[in-house]
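Starting from the known structure of chain V, fit chain S onto it as the hints suggest.
As a plain string of letters, each chain reads:
Number of protein chains: 2
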Amino acid sequence: MKIVMAQHNYTVGDIAGNLEKILGAIHYYANTADLIVFSELCITGYYPKDLLGRESLITEQDKALTTIQEATQAIAGGVIIGAVERNAFAGKPFFNALLLIENGQILYRYHKQLLPTYGVFDEARHFQPGTKPGVFEFRGWRLGFLVCEDAWEDPDNPLYLSDPVAQLENINLDAVISINASPCNVGKHKQRYAQVREIAQRCQASTLYVNQVGGIDDLVFDGGSIAYNRAGICVGHAPLYEEGDQLVDLDAPLSVDVVLPDSITMIAEQLKLGLQDYCRKTGFRRVVIGCSGGIDSAVTLAIAAWALGAENVIAITMPSQYSSAGSVDDSIALCDNLGVKLATAPIGPAFDLLRQSYEKAFGEESSPLAQENLQARIRGLLLMAYSNSKGTLVLSSGNKSELAVGYCTLYGDMSGGLSLLGDVYKLQVYALARYLNNRVFKRKVIPNAIIEKAPSAELAPDQKDSDVLPPYNQLDSILKIYLEADLLAEDELEGLQRLADKVAPEEVKRIHALVDRNEYKRKQAAPVIRVNRRAFGVDRQIPITARMTLLYNSTSRKA
Amino acid sequence: MKIVMAQHNYTVGDIAGNLEKILGAIHYYANTADLIVFSELCITGYYPKDLLGRESLITEQDKALTTIQEATQAIAGGVIIGAVERNAFAGKPFFNALLLIENGQILYRYHKQLLPTYGVFDEARHFQPGTKPGVFEFRGWRLGFLVCEDAWEDPDNPLYLSDPVAQLENINLDAVISINASPCNVGKHKQRYAQVREIAQRCQASTLYVNQVGGIDDLVFDGGSIAYNRAGICVGHAPLYEEGDQLVDLDAPLSVDVVLPDSITMIAEQLKLGLQDYCRKTGFRRVVIGCSGGIDSAVTLAIAAWALGAENVIAITMPSQYSSAGSVDDSIALCDNLGVKLATAPIGPAFDLLRQSYEKAFGEESSPLAQENLQARIRGLLLMAYSNSKGTLVLSSGNKSELAVGYCTLYGDMSGGLSLLGDVYKLQVYALARYLNNRVFKRKVIPNAIIEKAPSAELAPDQKDSDVLPPYNQLDSILKIYLEADLLAEDELEGLQRLADKVAPEEVKRIHALVDRNEYKRKQAAPVIRVNRRAFGVDRQIPITARMTLLYNSTSRKA
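Same order as they appear, the protein sequences are chains V and S.
Counting in this note's numbering, the first sequence runs from 1 upward without gaps.
Counting in this note's numbering, the second sequence runs from 1 upward without gaps.
Bound conformation, chain V alone (with noise of 0.2 Å):
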């Protein structure tokens, strides 16, 4: 049996573009391919959200199933697909439904059991679960299916009342798919890859998954379908961060090696896609990015033109009178090398007049810390005009570490339609200038002063970040442990632990308190390209009116 895992980009509302598609792989595979597989709820794209509830998304997309079908008749083999079901009887409106399509007939269907509502997922907002196995024959296979969450289930700590995968164990099945939306973070393909092979294990059948890949607002869908036989090799592996289709035959397999990006490889592919996909699928074409000279900005910098072409990037500097010199030669450099043209718009004239003005209207100055806003405000302004007569999307360059502490101005310098590094620590962003100089650029775009010198805002006289927070590799241990801490391994989180011990307690508890005192600043920040295990965002839900004093310096394993 030969079975094609097809691997698409898709986007959430374009029927008509997601069908094209579809139909793309069913015409190309129209002779060779027993069973063409796609990934979950690919007509619509994953995740509409309550896009569901408009009654048009369903028509349009049964319309579009209509045509599949039809395409079906002409074709050798069978098509399996992901899409909206409506539920006629009591629950949730709809089911996440896997069909089985031959020559113009749904000969299966099979509803998806586990709706994962957690994290960024929230299914159970508009699915009702499935109730029963998915097993079904074909031309004499015997197939279980799954979607996604439904291969998820963890056997010794349940989350569910339900295992399909345990379902489909000792049952004599000749192969399991499963068709996914799962977007990745740091840690997934390991986690992922040793999963599929698990249940090919247990359920003693090949098994193929099928992922979507791209960037869907703060989610990126990295692709990377794979197979593997009953003894646990892999049969087959669609590349990673791109669309490609993937023939599997199940009665001549092919060993093939399955090599995992490292981390920050990970990390930068994330981003470029991410970024690649918001631009496309919101009609942007450039962007502009405002340069400090600093290592964030460097970075947002650099990853940009490596994704959209050095043509479409546009660099603003906007020195005042607390900027190194080095911020505008550092900058200039910067831009020099990655090919990017640079912008000047000092913003001390502004800075003296607006204090003037303030000091006019309210009879006294305005603080030292109004004064330092002022500057990145003015800074966030300048780049919004720039959006607004050009047409090009702000992307703003702040990281996760600042964001977690509040280090960053609300309407100055978290100002942008996206955020490229709002989930990215500090250090990761180091690691990313390495990773972009050496292996993307393959020579010094980013000058060793960018990378070398002290992190600093610039916003008072020979301010360093560190007059106000503890070294970067403690400050990000700490906000790892309190952010992520239920999602990491016990070794890493040791690591990290260590690292953290060696800040007094009290210090500790005032940057968890800082955290959590800025969740108002995060409310309105531009949504974040989520890479670790849990970003800020739909992923991490705080109320801001809660009073946390006794809640610092708490995690839970579980929940």
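Take the hints with a grain of salt, since some may be wrong.
Treat identical chains as interchangeable: a pair holds within one or across any two.
Distance condition first, Cα-Cα at most 27 Å in a straight line; then the derived DSSO-like pairs of lysine-lysine [said to hold, decoys possible]: (1) Lys341 <-> Lys360; (2) Lys521 <-> Lys49; (3) Lys464 <-> Lys521; (4) Lys509 <-> Lys49; (5) Lys464 <-> Lys444; (6) Lys190 <-> Lys521; (7) Lys521 <-> Lys132; (8) Lys390 <-> Lys360; (9) Lys63 <-> Lys509; (10) Lys63 <-> Lys21; (11) Lys21 <-> Lys2; (12) Lys502 <-> Lys453; (13) Lys390 <-> Lys464; (14) Lys188 <-> Lys49; (15) Lys509 <-> Lys464.
What the hints contain is simulated information worked out from the structure, not anything from laboratory work.
Only chain S this time, still in chain V's reference frame:
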């Protein structure tokens, strides 16, 4: 049997403060009540969201619960309380529990069966549903129990697979006790009281509905705890929008009239309490508001003065060359009437300077759109400078109609920690202005000139909202249908449709497209106090990168 409905304003995470309120009621009714009933999840406050993942929240709650148990040893009656309970078995880590405590012992525990996961609710994220009906005999009284959503299953259009109310029918109950954390919106009072009354009649038992009161971020819980006897007569009613216990003697019930507030009263009270609690719970005493001379900022100022006291409100008028003479004069009259201090900070010089900076940096003028936004952003920047200098909260004053079509500036007039009118349609803003003058202040604090002038952003010469938008009565109808149709009664929908039908179909489609295209702005908007049936924010989740061309003009009656 004497039952106290204890209606308090809890703060999420403030275990010590919440405990104090609970113990206060226990001591106060020590000798007079057979049962003291508290609301859903009252020890942690509803809703803790992902704070439920912090081990310390649960351990601190459990300590408080032990203290409550001890307190019951000294009183004559029992206590019913809502609490988070751990789930030791398969499924989500917690149950949303109702506990019946007497003389130090937990006599009975009931686990909420229906977990709302739609609109603003997300309980399936953290809780496992209970599977057993809530029935227990206490001191010879046969009691049935419900927790909030348990009471809301619609047998004609079932959203769940079980109906906890049906479980309590025909089993000879003496009373049904429902503990709740139910936020309010337009139409909710009538709907809720009809529902409680119907339960009393269906179960043929006195039914007591206990709600929490107070603002938690975007949601306002209105209290209004109520009791109906089996004949459907109201026998107890706690106040709306304030704390207040209500003792109900089921052996000698007194008939109570239920007077429902009209929808504008309800919106006004909701905004007042929402603002008060947002400030109190985040630690702000004072607010600052940009005063344009228009209706939105006038209503925002008046509500703030009503809610917080005029002495805690600062207005800033920030005229430009496009501001009408009336803008400043009307602002002065308004602030005089309210007793609010008004500062003046003209933005003309900064506007000119920043336009010049832009030209110098980029070699060409900024676009007309950029220049409009520039003015709004200079104003936002001055408000934030005041906020940062003085520790005041910026209230943004944009209304829902503007926010819907994107007729507002990100980082400009959208700046602020809280959006008071972000869920109030423009016509409702006018109704609020009349209500504030006639019913709250009982004099014309908002001058006629402000109420009668044609709406304008005053960002370009002779600009009027009507240049680019249909009249607000038509626009609001189109928007309300697009945003809330599935939640409206048939007759209201028909009335709106008649108004919307006056607008050309292409124009309606353009407005729908504007709503969808401005999703990115709303993702970065300040939290909005929810008053209508569906607010922007978690209540309405739409992907930014979705393509929706085919999906306009479509609403579903179900999802």
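Now the hints, each set against the structure:
1. Lys341 <-> Lys360: So Lys341 and Lys360 pass the 27 Å test across copies only (16 Å; inside, 38 Å).
2. Lys521 <-> Lys49: Result: close both inside a copy and across copies, 24 Å intra and 18 Å inter.
3. Lys464 <-> Lys521: within (22 Å within a copy, 33 Å between copies)
4. Lys509 <-> Lys49: For Lys509 and Lys49, only the inter-copy Cα distance (21 Å) is at most 27 Å; the intra-copy one is 37 Å.
5. Lys464 <-> Lys444: within (25 Å within a copy, 53 Å between copies)
6. Lys190 <-> Lys521: Neither way: Lys190 and Lys521 sit 34 Å apart in one copy and 37 Å across, limit 27 Å.
7. Lys521 <-> Lys132: neither (45 Å within a copy, 42 Å between copies)
8. Lys390 <-> Lys360: between (34 Å within a copy, 16 Å between copies)
9. Lys63 <-> Lys509: between (56 Å within a copy, 22 Å between copies)
10. Lys63 <-> Lys21: This pair counts as within: shortest intra-copy Cα distance 15 Å, inter-copy 57 Å.
11. Lys21 <-> Lys2: within (20 Å within a copy, 68 Å between copies)
12. Lys502 <-> Lys453: Answer is within; shortest intra-copy Cα gap is 23 Å, inter-copy 63 Å.
13. Lys390 <-> Lys464: Classified as between; 25 Å across copies, 34 Å inside a copy.
14. Lys188 <-> Lys49: both (23 Å within a copy, 25 Å between copies)
15. Lys509 <-> Lys464: Cα proximity of Lys509 and Lys464: one copy only (21 Å, versus 52 Å across).
Going down the numbered hints, you'll see the structure goes against 6 and 7, while the others check out.
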